[in-house]
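> Residue numbers (my numbering), protein chains in the order written: chain D, 1 to 420; chain X, 1 to 420; chain Y, 1 to 420.
Please keep in mind that the hints were generated in silico from the structure rather than gathered at the bench. Values in this document were obtained by computation on a predicted structure and should not be read as measured data. Everything hinted at is true.
In this list, chains with the same sequence are indistinguishable; a pair is considered to hold if it fits within one copy or across any two.
SDA-like, lysine to any residue: derived pairs with alpha carbons at most 20 Å apart:
| id | residue 1 | residue 2 |
| --- | --- | --- |
| 1 | K12 | E22 |
| 2 | K112 | D160 |
| 3 | K112 | E63 |
| 4 | K112 | E173 |
| 5 | K126 | G410 |
| 6 | K112 | I250 |
| 7 | K12 | E166 |
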Amino acid sequence: MPITTNFMGFFKGVDYWRWAKEVDVVSDDSYPDPADPDSPAYGAMVRDLVRSLGGGRPWILMEQASSAVNWRRRNAAKPAGMNRALSYQALGRGADGILYFQWRQSVAGAEKFHSGMLPHGGTETKTWREIEQLGGELAGLDRVRGTRVPADVAIVFDWDSWWSIEQEATPAEIPYVQHAFAWYRELHRRTVTVDFVAPSADLSRYRAVIVPSLFVATAEALGALDTYVRAGGRLLVTFQTGITDEDAHITAGGYLGVLAETLGVRVEEFAPPAGPDLAGTGLAPVPGTAFGGSLVSGGTGTLWSEYLHSEGADVIAAFEGGELDGWPAITAHSRGEGRAWYAATLPDPEAMAALLDAVLGDAGVSPVLPEPVAGVEAVRRGDSVFLVNHAPREARVTLAGAEHVLEPRGVAVVEVDAAD
Amino acid sequence: MPITTNFMGFFKGVDYWRWAKEVDVVSDDSYPDPADPDSPAYGAMVRDLVRSLGGGRPWILMEQASSAVNWRRRNAAKPAGMNRALSYQALGRGADGILYFQWRQSVAGAEKFHSGMLPHGGTETKTWREIEQLGGELAGLDRVRGTRVPADVAIVFDWDSWWSIEQEATPAEIPYVQHAFAWYRELHRRTVTVDFVAPSADLSRYRAVIVPSLFVATAEALGALDTYVRAGGRLLVTFQTGITDEDAHITAGGYLGVLAETLGVRVEEFAPPAGPDLAGTGLAPVPGTAFGGSLVSGGTGTLWSEYLHSEGADVIAAFEGGELDGWPAITAHSRGEGRAWYAATLPDPEAMAALLDAVLGDAGVSPVLPEPVAGVEAVRRGDSVFLVNHAPREARVTLAGAEHVLEPRGVAVVEVDAAD
Amino acid sequence: MPITTNFMGFFKGVDYWRWAKEVDVVSDDSYPDPADPDSPAYGAMVRDLVRSLGGGRPWILMEQASSAVNWRRRNAAKPAGMNRALSYQALGRGADGILYFQWRQSVAGAEKFHSGMLPHGGTETKTWREIEQLGGELAGLDRVRGTRVPADVAIVFDWDSWWSIEQEATPAEIPYVQHAFAWYRELHRRTVTVDFVAPSADLSRYRAVIVPSLFVATAEALGALDTYVRAGGRLLVTFQTGITDEDAHITAGGYLGVLAETLGVRVEEFAPPAGPDLAGTGLAPVPGTAFGGSLVSGGTGTLWSEYLHSEGADVIAAFEGGELDGWPAITAHSRGEGRAWYAATLPDPEAMAALLDAVLGDAGVSPVLPEPVAGVEAVRRGDSVFLVNHAPREARVTLAGAEHVLEPRGVAVVEVDAAD
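In isolation and in its complexed conformation, chain D is listed as follows (with noise of 0.2 Å):
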């Protein structure tokens, strides 16, 4: 009998690297704050990890709800069009089946206001309506079937920095998914399709790799980094990376390993932005980490900021202002037949876009679509290309050759060449 289990996402009790190898199909419950404007880049991330999981195959979305859930403290319901919309995210990034958390809203018990396909009020409703419809819809998208989803870019992603870098008694807070998150936000806008990959992955098939504070981090997965580039790869490290080996143990010679090498830069102290207002700030900006320099001027970091050396890289940002006023922020260095940039804290969105612009076109990255429209995710999946307009407002979206006008919330599935 095949087997799977309900995953969960970004699930920090356990690695699902591990566990993955061990399932059938790879299957995922799905339920995300309709009330939350992240919503939909975060649920593209979680889509991407699951179908990674799985090294690609298509997965099952074996639970998501009709419309509000029933366990946070005020749960917002799903307005019109986004159960289908988020559907068809889904469909996109590689779903093969959907399924319903519940089918008739239950009527007692602690799930009673859980949302279900067959409402409290019954068939006069939107919810049912919808369902109705998207039941009728997949019937015609039986091409999509088994096809897969291709990226050019991974994201390395690895439960024991996870850990690691959220115990106590480490230099300061860093939410690791959340900082992985910020980087996946700006590319999931900008419509590249993105993998994750376990450390020490095979990254010979990406054009660009980035790594989000890989704290935890062996030999042979930094080697595997360093590997990577000196064939021509693409690679973007951020801070907190190679602090530590498997064992907890530091990396010697002021962290990052062979790492050190292929970026050009040496660490010399860590230097996160800090005082009594600050702890438990997560993601806010902070003071401290202004910058500028030929990548932006005036751009300003968060989460992060630390004594950087350059040994060898180019400086294109660097601080401004406070104790760390002219020391490296942003680094690129050219290393075999590939190159490195090094970021010392976390850009904000425009700095970031100028980071990811210089990194992904030297890697020759294409987005799905040339020019992002706001709102819309665009991914491809075997010959179809899956538009969700996550918007309340319709937009219009140019794509091989045609333009496609879609209502608030709609969605299009798009035929385009195999060789597109």
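On the provided structure of chain D, position chains X and Y as indicated by the hints.
Coordinates of chains X and Y only, in the frame set by chain D:
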């Protein structure tokens, strides 16, 4: 021997409707925060509940403090006059006895910083002087003893609903008592006297009945409310009423049971304002609940919104903007000899005043004072009207053809004709 | 063998006055937050306490960090110069030895992110260079070893009061150490050196004594303060002093005991600023404590207010507005050869400065520097004055007829005449 025990106002732990049947006299401990500007109105609500628990019979203020308590994080002193004012409030709302904890402020033990009638500071103190004055005045109020407090309006209050709506796994956090208080406060401001009643109580003697979030309602209770309207009563029901029966099972057919016919509405789906920033905001105004219509233009709601259909009701306010744009917010519906209003959000004070104008006007409810005077509470007991000025400034009240000047935090007991 | 142990500055768990008697040398662990702008002043207060615990004898700085610690949620690095500056602060305030935790920054275990004298980054680091420099300089300071730190002002500090005032069921939350620090900070700013003393200590060698909230006071301690004033001392007492005796029994007769005569006041009742929004606001300014008078016009208070009667004292500031309008806020009273001030609130910095001008001027206290220099700490030890510039900018100080230029976070040790 007559039996009593210290009730504690709106105490969540015990269903006082059931316990009150077992005591000969209802008693209450009352410790409002002198620094909370809501304390006078909230204190009045507590006293009305306590009186109602005893079926309107005189009750005993078993414990109050002459000044500060000792169990808040910061304990305000009662300013000059407040102890006397709140004591008269209790008398006006049905108390036949007033006691203090404690006589002589203790000099040792856990309660030594709880004020007493004789404070640490001795007899050369405002506390002692005010206690002396009050004791002297009480002797002159003999005619009040044993008399009743007439009320034309009732609020349905239910411990089952309180417990259920504040459980986990509900649609949203609804602070049950604070929600009831939002309605009570406006009634108190306009000197309308209120009784509290249990669900299924005989409502025939009230001109108007308000039902804030009667989350748990038996078919009998819903039937009693419908019967009340059909016989000519005026009923105002808010969101999250009739959601489950007494076994916590969803009320069949989309909530409300027979009240759906009374009100002429159908609830399709809950849509509480929500989002990462709204958890725990309680009664604070929330986005997405603007409304307008014939009742009021440019109102805003709090705490709740939902997808509501009118099925015969007049839509007197509709939501504006956001996902609920155009959906009914407040409705009115005639049924038999009566009329019933439904509020799908908690209106801001101005909109609430307009709604209560409509309900109370239609019901023919007369306040104790024709026009409210800022800071002044007025309640009738027997043939007297108690005027209590909670404000730290002079107030002037015209009553029974005469003008009464109330000192800052001053009081007056005015005899009126029995026929008034 | 001489015995010592690691004290930890203002540590609530143990009465160090009692423990210090049992050790031969007092030692301290000191980990100020490099990102907290109050750290220099607070650090000075800790060092003055530690010196005082040993009766003024030289003490040992048993543990400090070369840079960051690892146990805050975000751990700031010490910027260049701060480790040296804080080390000189310790020397200036009586330390004869300076040690670090840890020598070589560990590469494994729970404290691997706690800085060491030899950091992960090796010897090409600011941390190592500063440690080297400091070690070299200490050899030249031999003349300082064993000398004493003269102080004209004492602050009474009492663990019983700390424990009692921060218990539950008190009039209000008073953060005992932060309250003392509010007074200390202003003394530190004006380079007035302070000893800490236990209640009942011999005060005759001090020109002025400050008593912040000596909540628990024995009759003996109150008597010692009165004796001190009658013999010519200058005494400043704040609210919540003399509230209970050593058995936690209320001090008879309205608090303060014999100090009521010393101060010429009577406390009728406590009236701490309070209200639903004020819980947990600590030392933040609170409404209702404005004051003015001959001392200062338009002052504001924090943390406390009360109903206070002058019984012979000069009212130099009275509350303005609110319930306390016109009641005394700050008083002064001559007694025997001395004079005693009482503060019924914690004055804002400007009003506190005016009050300390009055007290210290009357007492004839001379600061180390005639005029404070922003960011510069000055303290005399033996025949030397230690100047420590905590600011990240140059400072100029005129002392002993010469101008001393201090680099950012720079220090100077200036020899002065023994007679100065």
